[in-house]
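Enquirer: Given chain R, work out where chain E should sit, using these hints.
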Amino acid sequence: MSIQVRDLTHIYSEGLPYESVALKDVSFSIEDGEFVGVIGHTGSGKSTMIQHLNGLLKPRSGSITIGDVDITKGNVLMRDIRRRIGLVFQYPEYQLFEETVHRDVAFGPTNLGLTKEEVDQRVIEAINLVGLDYDEIGERSPFELSGGQKRRVAIAGVIAMKPEVLILDEPTAGLDPKAHKDVLEMIKKIHETQKNITILVSHNMNDIAKLVDKVLVMEKGRIAMEGTPRQVFSQAQKLKKMGLALPQASDMMNKLRNRGFDIKEGILTNDEAFVELVRILKPDIKG
Amino acid sequence: MIRDITLGQYYPGDSWVHKLDPRTKIIGTFVYLIALFLVKDFWGFLIAVTGILMVVAISRVPLSFILKGLKPVFIIILFTFFINMFMTKGEVLIGWKFLVITKEGLYNAFFMGIRLVLLIIGSSILTLATKPIKLTDGIESLLGPLKKIGVPAHELAMMMTIALRFIPTLLEETDKIMKAQMARGADFESGNIFKRAKSLIPLLIPLFISAFRIAQDLAMAMEARCYSGGENRTRMTAMTYEKRDILATLGLIAFVATILLERILI
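The listed protein sequences correspond, in order, to chains R and E.
So for the first sequence, my numbering puts the first residue at 1; every next one is plus one.
So for the second sequence, my numbering puts the first residue at 1; every next one is plus one.
Everything labelled a hint here was simulated from the structure, so no lab data went into it.
Some hints could be false.
Covered stretches of chain R, as calculated for chain E (at least 3 residues, CB under 8 Å) [stated by the list, open to error]:
1. 80-87
2. 157-164
3. 202-208
4. 218-227
Label-pair ranges, simulated between beta-carbon atoms [said to hold, decoys possible]:
5. E14(R) x I253(E): 38 to 44 Å
6. E14(R) x K148(E): 48 to 54 Å
7. G67(R) x M54(E): 56 to 62 Å
8. A238(E) x E226(R): 50 to 56 Å
9. G74(R) x L63(E): 29 to 35 Å
10. D271(R) x T237(E): 55 to 61 Å
The calculated SDA-like cross-link candidates involving lysine to any residue, where the alpha carbons are at most 25 Å apart (straight line), are [to be verified]:
11. K68(E) x Y18(R)
12. K176(E) x S146(R)
13. K198(E) x G113(R)
Bear in mind that the values here come from a model prediction, so they are computed numbers and not experimental data.
The beta-carbon is built from N, C-alpha and C at its ideal position, and this holds for glycine as well.
Just chain R, same shape as in the assembly (with noise of 0.2 Å):
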């Protein structure tokens, strides 16, 4: 299963005084497997871009074609759609609303029409897999679980419908250091389980140099460059000039490089630069 999404223009509030376009002629692909992550400043279009994955908004113009079927003709359905892509909002904490923590996850397998059984077991699977104990809050109220913990449940809401594409709008937003390394974690092993196509919008360089294969960014409505981490932040100066920053690694070693030391190019995550200060620092340690 791959995406290619085609020429995509998507216009708010179209024929108001307020209108404004928030994607113009938006093209890229991606393969089946990828771990993709989209960057952008606010207001780039993210967001949008995202929702018109799965059918929620309806583009101007354009194609989006996922596997073999064009959402955008009129004769899809959108149910088969959403099975197959899931949607993980910006604070997905705020879409809970049942009983028992259970009952919330097994919101959308219920919507897919599965047996009990079945749905039953997806439950029990997708809470395990976003790393909480099922045993000891499936039947409790979501309401009086932590941030991290809602937050979750949420994504499980999503995972137990076992889309093959997975799609995540900032899920680390507003959680603390502890839960946001737990979120992403969990999101990898996800990725790594499942073998799925995974989205990852975020504002954090540190998660995407870290996690994705590809980069996205997006720039008022537009794909402005697109590669493999590495090939993205090499172009420091591109990305400030869209108010985005380079990954905190690669920044300090840009840094210590026109200081004078002798370090190489191209490093993105804080594993790389460690290895990099150790080669520099001490040159008689090899490995």
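Expert: Okay, now just chain E, sitting in the frame of chain R:
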């Protein structure tokens, strides 16, 4: 879909109507609405329609935009129309079993229909051409004299400001939650009325929780900035009567005079 409701929605612009003092506009709207009830035949409505069309033209709010705002109340208008058409006794035009259309019924149906449409257009032009915040400022100022007899004018205005301020926020919130539940396979559009009502639970519960959270945050933010009611409170932009307000008032008087003359003479 939810955003399509224009009743009570501001249409940005800087026309003459937009710039009028909110108090002039509020009083003007009230007078216009009352005048609509003084009208007793279609000639009167012709004057009323001409009047409102002139205001709409000056305000530069597209007429199509205003008419779109009629959509949500369309059922009510239709209902009034048919009730009047079938329930008025008089000279029978067409009759079929218990459904009888009389001459008076037809007259009443159109009369009431036009009055209702004008009432809605008249009041929506006020909210379309006035920022909600200015509107409540105007109301507070107009209610000011009643403070002496214990009417909490400031509190009422503040409550209205907050309510108006949160309409878009709650709409946005509804939209967001709706989309999130739709992404989980929720279906808000099909099934019979009971099924549909039930399908709203996943929308309403998170919405209520959000509303309470937002209200609490707002109360906290207001307290943190030492809000303590209307006593000695001044405004960033004070309201002043200008030349155009006098002109508008004169226009209004001329309009009411025409309506009254029509009523007496024809």
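Enquirer: For each hint, tell me whether it holds in the structure or not.
Expert: Status of the hints after comparison with the structure:
1. 80-87: holds (count 4)
2. 157-164: holds (count 3)
3. 202-208: Result for this restraint: violated, n = 0.
4. 218-227: n = 0 at 8 Å, threshold three: violated.
5. E14(R) x I253(E): 38 to 44 Å: Once the Cβ atoms are compared, 41 Å apart, the range 38 to 44 Å for I253(E) and E14(R) holds.
6. E14(R) x K148(E): 48 to 54 Å: 50 Å, holds
7. G67(R) x M54(E): 56 to 62 Å: 58 Å, holds
8. A238(E) x E226(R): 50 to 56 Å: 53 Å, holds
9. G74(R) x L63(E): 29 to 35 Å: For G74(R) and L63(E) the Cβ distance comes to about 31 Å; the hint holds.
10. D271(R) x T237(E): 55 to 61 Å: 56 Å, holds
11. K68(E) x Y18(R): 16 Å, holds
12. K176(E) x S146(R): Holds. K176(E) to S146(R) sits at ~22 Å (cutoff 25 Å).
13. K198(E) x G113(R): 17 Å, holds
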